[in-house]
Amino acid sequence: MKFGIVINEGPYQHQASDTAYLFCKAALEKGHEIFRVFFYHDGVNNASRLTEPPQDDRNIVARWSKLAEEHKLDLVVCVAAALRRGIKDENLAPGFRISGLGQLVEAGIQADRMVTFGD
Amino acid sequence: MASIEVGGKSYETDEEGYLVNLAEWNPDVGNYIAKEEKVDMTDNHWEVVNFLREYYDEYQIAPAVRVLTKAIGKKFGAEKGNSQYLYDLFPYGPAKQACKIAGLPKPTGCV
Amino acid sequence: MSDIKKFMFVNRKAPYGTIYALESLEVVLITAAFDQDVSLVFIDDGVYQLKKGQQTKGIETKNFSPTYRALDGYDVEKLYVEKESLEARGLSEEDLLVDVTVLGSKEMGELMDQQDVVLSF
Amino acid sequence: MLHIINKSPLTNGSLDCCLRVAESGAILLIEDAVYGATKGSAIEGKIRDAMGQFKIHVLLPDLEARGLADRIIEGVTTVDYGGFVELVAGNKNCQSWL
Chain A
81 MKFGIVINEG PYQHQASDTA YLFCKAALEK GHEIFRVFFY HDGVNNASRL TEPPQDDRNI
141 VARWSKLAEE HKLDLVVCVA AALRRGIKDE NLAPGFRISG LGQLVEAGIQ ADRMVTFGD
Chain B
4 MASIEVGGKS YETDEEGYLV NLAEWNPDVG NYIAKEEKVD MTDNHWEVVN FLREYYDEYQ
64 IAPAVRVLTK AIGKKFGAEK GNSQYLYDLF PYGPAKQACK IAGLPKPTGC V
Chain C
3 MSDIKKFMFV NRKAPYGTIY ALESLEVVLI TAAFDQDVSL VFIDDGVYQL KKGQQTKGIE
63 TKNFSPTYRA LDGYDVEKLY VEKESLEARG LSEEDLLVDV TVLGSKEMGE LMDQQDVVLS
123 F
Chain D
539 MLHIINKSPL TNGSLDCCLR VAESGAILLI EDAVYGATKG SAIEGKIRDA MGQFKIHVLL
599 PDLEARGLAD RIIEGVTTVD YGGFVELVAG NKNCQSWL
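Residue numbers (the working numbering), protein chains in the order written: chain A, 81 to 199; chain B, 4 to 114; chain C, 3 to 123; chain D, 539 to 636.
Isolated chain A, as found in the complex (with noise of 0.2 angstroms):
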């Protein structure tokens, strides 16, 4: 089965991209298939590559980054969303890429089922 993701909140600040990397681990361990995972919101500072957790915490970022080399993940960040919070391709981490909402659409319209994970 073909899942579409939406992550609403940053990193750290709340349990929502916690939550959806495990979700997303278990469908692919399972093997479904993560059509996309679209980040909108606060959700687009998961893909801030100057983020640096304490080495102590899992590193949220890097986390996804992994994932998505590992499985070939599209992991879009909303433009309209990272203009507005000072994401920029500069400062994006591997893996994720920028566009507009209409991925989130589309992916809505292609995967079997899309959840929401936000606060």
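Calculated from the structure, these hints are not laboratory results.
Among the clues, some could well be false.
[Unchecked claim] Reference listing, derived: stretches of chain C covered by chain B, where coverage requires no fewer than 3 residues with Cβ under 8 angstroms from a Cβ of chain B: (1) 23-35; (2) 54-60.
[Said to hold, decoys possible] Result set (DSS-like, lysine-lysine): computed pairs, CA atoms no more than 30 angstroms apart in a straight line: (3) C:64 - A:168; (4) B:73 - C:64; (5) B:78 - C:80; (6) B:38 - B:77; (7) B:38 - B:99; (8) D:630 - D:593; (9) A:168 - A:110; (10) A:110 - D:545; (11) C:8 - A:152.
Quick caveat, the model's predicted, so the values are computed rather than measured.
We treat Cβ as the ideally placed atom computed from N, Cα and C, and that holds for glycine.
Based on these hints, arrange chains B, C and D on the given structure of chain A.
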């Protein structure tokens, strides 16, 4: 921050030349931006630009091209309600170019 | 992409206190371009998004409430408000800035069941 | 239909709203909503009532993280992330009551 000089007054713009403060707009500023864009403003051009400003005043957004086309057709006649007509007036697109001349914000959320 | 899906946007948050209402509206405007079956529902504090007479000068924030009136031009015509939420806030249809269909909770639930994609922000 | 709740029902109205509007189907409590799945809370009765109409699940890792895995209300089913995935896949659609 960039700026443009029109009639001895300075207007702030963003890097792409969109007016920063929408309230500062006046027809001279529109004409100036049009010249920069190499658009020769005719009555037909002003019709669209003025329509965009009225639309923005009323709804606080610049309309999507599809919505603009339909609305123009309804208001000014079917022969004007098609994207060919609008692209002939504004070769770089009614959303980008006409909005810029009208002093409206850059259309975001591009598909 | 010829298949048409039923998209429902569930608005349960008030405007201005958080950005969710505004960014939700932005998604709706984009979705309109994809020729899908779009409905918007307003439940709980989401009904405050449609309150007439919003004046945002004092908080130096853009008033995006007039944009709801543009939805019709975008062919987004299905706007539903939950009756219970409206009543719980002392509001009636006359307080709203657009025409909506008022539904009881259970009718709202049935409508939600029929959707393909339910998005809430 | 699957209804996902992520806020503590003791301080937030999301679960109430879901119970008022939703017809039937499954409810999954995740993140801070897992407090709703525990015995002895002020809303235990509400959860028990809802069981007649909905199948209620709780995300166990979230409950364990909060030190309450030993207090689950009888009849609430625990799932791990894999079970969460299957719930989404097994229902026609889902809604996150954010």
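Quick one, are residue 630 of chain D and residue 593 of chain D close enough, alpha carbons at most 30 angstroms?
-> Holds. Residue 630 of chain D to residue 593 of chain D sits at ~15 angstroms (cutoff 30 angstroms).
Agreement of residue 73 of chain B and residue 64 of chain C with the hint, judged by alpha carbon distance not exceeding 30 angstroms = This hinted pair holds, its Cα atoms lying about 26 angstroms apart.
Counting residues of the stretch 54-60 of chain C with a beta carbon closer than 8 angstroms to any beta carbon of chain B, are there 3 or more?
-> violated (count 0)
CA of residue 78 of chain B to CA of residue 80 of chain C, is that 30 angstroms or under?
-> With a Cα-Cα distance of about 25 angstroms, the restraint between residue 78 of chain B and residue 80 of chain C holds, given a limit of 30 angstroms.
Taking 8 angstroms as the C-beta cutoff, is the stated coverage of the stretch 23-35 of chain C by chain B satisfied by three or more residues?
-> n = 5 at 8 angstroms, threshold three: holds.
Are the Cα atoms of residue 110 of chain A and residue 545 of chain D separated by 30 angstroms or less?
-> Holds: residue 110 of chain A and residue 545 of chain D sit about 27 angstroms apart, inside 30 angstroms.
Holds or violated: are the alpha carbons of residue 38 of chain B and residue 99 of chain B at most 30 angstroms from each other?
-> This hinted pair holds, its Cα atoms lying about 15 angstroms apart.
Does the structure keep residue 38 of chain B and residue 77 of chain B at a Cα separation of 30 angstroms or less?
-> holds (29 angstroms)
Keeping to a limit of 30 angstroms between CA atoms, is the pair of residue 168 of chain A and residue 110 of chain A held or broken?
-> violated (34 angstroms)
Holds or violated: residue 8 of chain C with residue 152 of chain A, Cα cutoff 30 angstroms?
-> The hint holds at about 28 angstroms.
Are residue 64 of chain C and residue 168 of chain A close enough, with their CA atoms no more than 30 angstroms apart?
-> With Cα atoms ~24 angstroms apart, residue 64 of chain C and residue 168 of chain A stay inside 30 angstroms; holds.
When the structure is compared with the earlier hints, violations turn up for hints 2 and 9 and for no others.
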